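Asks: Protein chains in written order, with the numbering used here: chain H, 1 to 296; chain A, 297 to 688.
For the record, the hints were derived by calculation from the structure and aren't laboratory data.
Because the structure is a prediction, the values reported are computed rather than measured.
Don't take every hint at face value.
[Stated by the list, open to error] Calculated cross-link-like contacts (lysine to aspartate or glutamate; reagent style EDC-like; alpha-carbon spacing at most 20 Å):
| id | chain 1 | residue 1 | chain 2 | residue 2 |
| --- | --- | --- | --- | --- |
| 1 | A | LYS515 | A | GLU496 |
| 2 | A | LYS580 | A | GLU626 |
| 3 | A | LYS621 | H | ASP234 |
| 4 | A | LYS449 | A | GLU533 |
| 5 | A | LYS412 | H | GLU233 |
| 6 | A | LYS631 | A | GLU496 |
| 7 | A | LYS646 | H | GLU233 |
| 8 | A | LYS513 | H | GLU233 |
| 9 | A | LYS647 | H | ASP234 |
| 10 | A | LYS631 | H | GLU103 |
| 11 | A | LYS647 | H | GLU262 |
| 12 | A | LYS513 | A | ASP524 |
| 13 | A | LYS412 | H | GLU262 |
| 14 | A | LYS418 | H | GLU262 |
| 15 | A | LYS580 | H | GLU262 |
| 16 | A | LYS580 | A | GLU533 |
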Amino acid sequence: MGYPILTEIRRSRVRLKKVLDRLLPVILSIAVFLAVAILASLLLTVIISGGHRLSWNLITNYPSANPNEAGMRSAILGSIYTVGLSTLICIPISMATAIYLVEYSRGGKLSSILSYNISNLAGVPSIIFGVVGLGFLAYWLGMGRTIITGAFTLAILTLPLVTVTSVEALKAIPDDLRHGAYALGATTFQVVRYVVLPRALPMMLTGGILGISRALGEAAPILVVSGLIFIREDPTSLFSKFTVIPLQLYNWISRPQQAFIELSSAGIIILLLVLLILNGIVIGLRYFLIKRAGQL
Amino acid sequence: MIKAEPKIVGLLIAFLVIGGVIGYLGGWLAGTPSQGQTHLVTEKTTVTQTHVVTEKTTVTLGSGQTVFQTVEKTVTVTTTVGAATPTHTPLAGDIVIDGSSTVYPITEAAAEEFMKLHPGVKITVGISGTGGGFKRFVVGETDINDASRPITKSEAEAAQKNGIEWIEVPIAIDGLAVVVNRQNDWVTCLTISDLKKIWEPNSTVTMWSDIRPEWPKAKIVLYGPGPDSGTFDYFTERVVGKAKSSRTDYVASEDDNVLVAGVEAEKYALGYFGYAYYPHAADKIRVVPIRDDKVAGAECVAPTDETVRTYKYPLSRPLFIYVNKKAWNEKPWLKEFVIFYVEKGESLVKKVGYASLPSEYYRIAAALLKAGFLDKLYTISIVPEWRNAGPR
């Protein structure tokens, strides 16, 4: 108490802290508001400009030069085929990669080089993956410009993203659990199978959701791999020609007629619905896994 | 830490092997989808058809009377038919089309109507761009290429090297609209030389006053299509004199909506894009009349449906489809489709909002194609008195 100046400083600091304490929630809520407002305004714009174009035609019809008849049946089916297949390819591979990196070679030099490169790969422009898909898969391996090429291209594209999430999911499992299992004489496989995986799976699937969302919205790599817009038949096999929703939207939105621009807005709504359905499947699976993990 | 290495190498090799197996399996399963399946009948049959042709000959007599002379001729046509004859079985098969996104709407409309008549024919249309489409066309990957410019020399050479011959069919006319902001009140007309000065590589034009001293001393902001489009190729060839040679410090977009939005927002902007787009944006921007100063006595011409169609507008350009000659000979359904496309050409072109060639052209071209005259259709699409037929 002998130094009044110090007391003064302490007091002002306390005041500052109190003000900050009050202010922080306001700043944070502004950030939340901005994020939600931007999303809401985007959705609203799309619904206002394209809502009245929503109809069954849009889902059940093939592309047409007449905007009133035009639909995106082939694009929707193509998207579901390629994105669904790419998820089936991508999730197991990235899970395996993540398990190898975290459980088997943790701390190794090679492992750190690999994980560093995988994180970098996540930032490569998607068109590069399209070129790889066209050159390597379609021509070199002779898979042609087919659904399976598109699915593998999208799988390679989403692989880094999903792997990084899976690695984080595994790292989040406390080491105490592993050590406990090892102390009881479990092998590495048993630790992974019975201790780590059941707890990490739900978060790994979150990576899957991110992967699906990214793959479904990609136009650039598919433009390179397929390039098709006008298809008037349903895909019948993995070796059918295909197109995807973003490509169809890209074509509609770059046309001069107002009707097609409205149609692309309606198409975006459909795209979001497809995204919700695909993600809903994974979210349901994750819910099931979380419940099971809780019972462990 | 070192022991991790063999595992990773093993993993990589395993991935490569699995990828390879899947790939080859895929190629084997996919096989050759279009050719093998359509012709189920393999034996050769000779069909002899006898037609009785009634020919009416008009003879004008000296007195002015007209007499119809009827001659009956019997024509025997012997056709050796390898497999499914187009006249007896419904058309069925694949047609693969790729190319310009400018021509795409017309081809889409044509394919749609044709597939309504012949549900067995499967047509797919892509939008890889004129150049991207030609890369596939010259190796025989596609049957038809949509093109918003004529085939270039290097593309033609590549085609020759691969033994690909083509039929060039003009389908419609588009122009290149040069546009400015609506607040721009100083530009009333630009010449081709002005445009060259603005757009050539290493151009010294940075201010409007660099074009004409009396124009504002303000920085000119340029908008144009990206280098993959046929529109860019055509503009650079027509204006700068060499295809693909352009200054690069401009805002490039393949999407005309972006170009319109840019020119609309920027007072000192100048841009160009396909004329077919202009009527839909006419209330947002202003189109600049163009004078071809290489032609003596030429006037400033603004693009309208009429001036574009008749090539009075200096930046008119033809739109084409290129048909693979081998496919034309081997696939009867392709032949039928191309003839349908040309016959219906005028209404299709109008339906999607493009300027059509004169109706006589579509009639004559369809008749010539039917009769098997496949070359130089371009020459009949131009009426001789039209001053400017673009760079050919």
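Asks: Each hint should be assessed against the structure and marked as holding or not.
Replies: Structure-based check of all given hints:
no. : hint                : result
1   : A:LYS515 - A:GLU496 : holds, 17 Å
2   : A:LYS580 - A:GLU626 : violated, 49 Å
3   : A:LYS621 - H:ASP234 : violated, 29 Å
4   : A:LYS449 - A:GLU533 : holds, 13 Å
5   : A:LYS412 - H:GLU233 : holds, 13 Å
6   : A:LYS631 - A:GLU496 : violated, 42 Å
7   : A:LYS646 - H:GLU233 : violated, 27 Å
8   : A:LYS513 - H:GLU233 : violated, 57 Å
9   : A:LYS647 - H:ASP234 : violated, 27 Å
10  : A:LYS631 - H:GLU103 : violated, 62 Å
11  : A:LYS647 - H:GLU262 : holds, 19 Å
12  : A:LYS513 - A:ASP524 : violated, 33 Å
13  : A:LYS412 - H:GLU262 : violated, 26 Å
14  : A:LYS418 - H:GLU262 : violated, 28 Å
15  : A:LYS580 - H:GLU262 : holds, 18 Å
16  : A:LYS580 - A:GLU533 : violated, 28 Å
When held up to the earlier numbered hints, the structure conflicts with 2, 3, 6, 7, 8, 9, 10, 12, 13, 14, 16 and fits the remainder.
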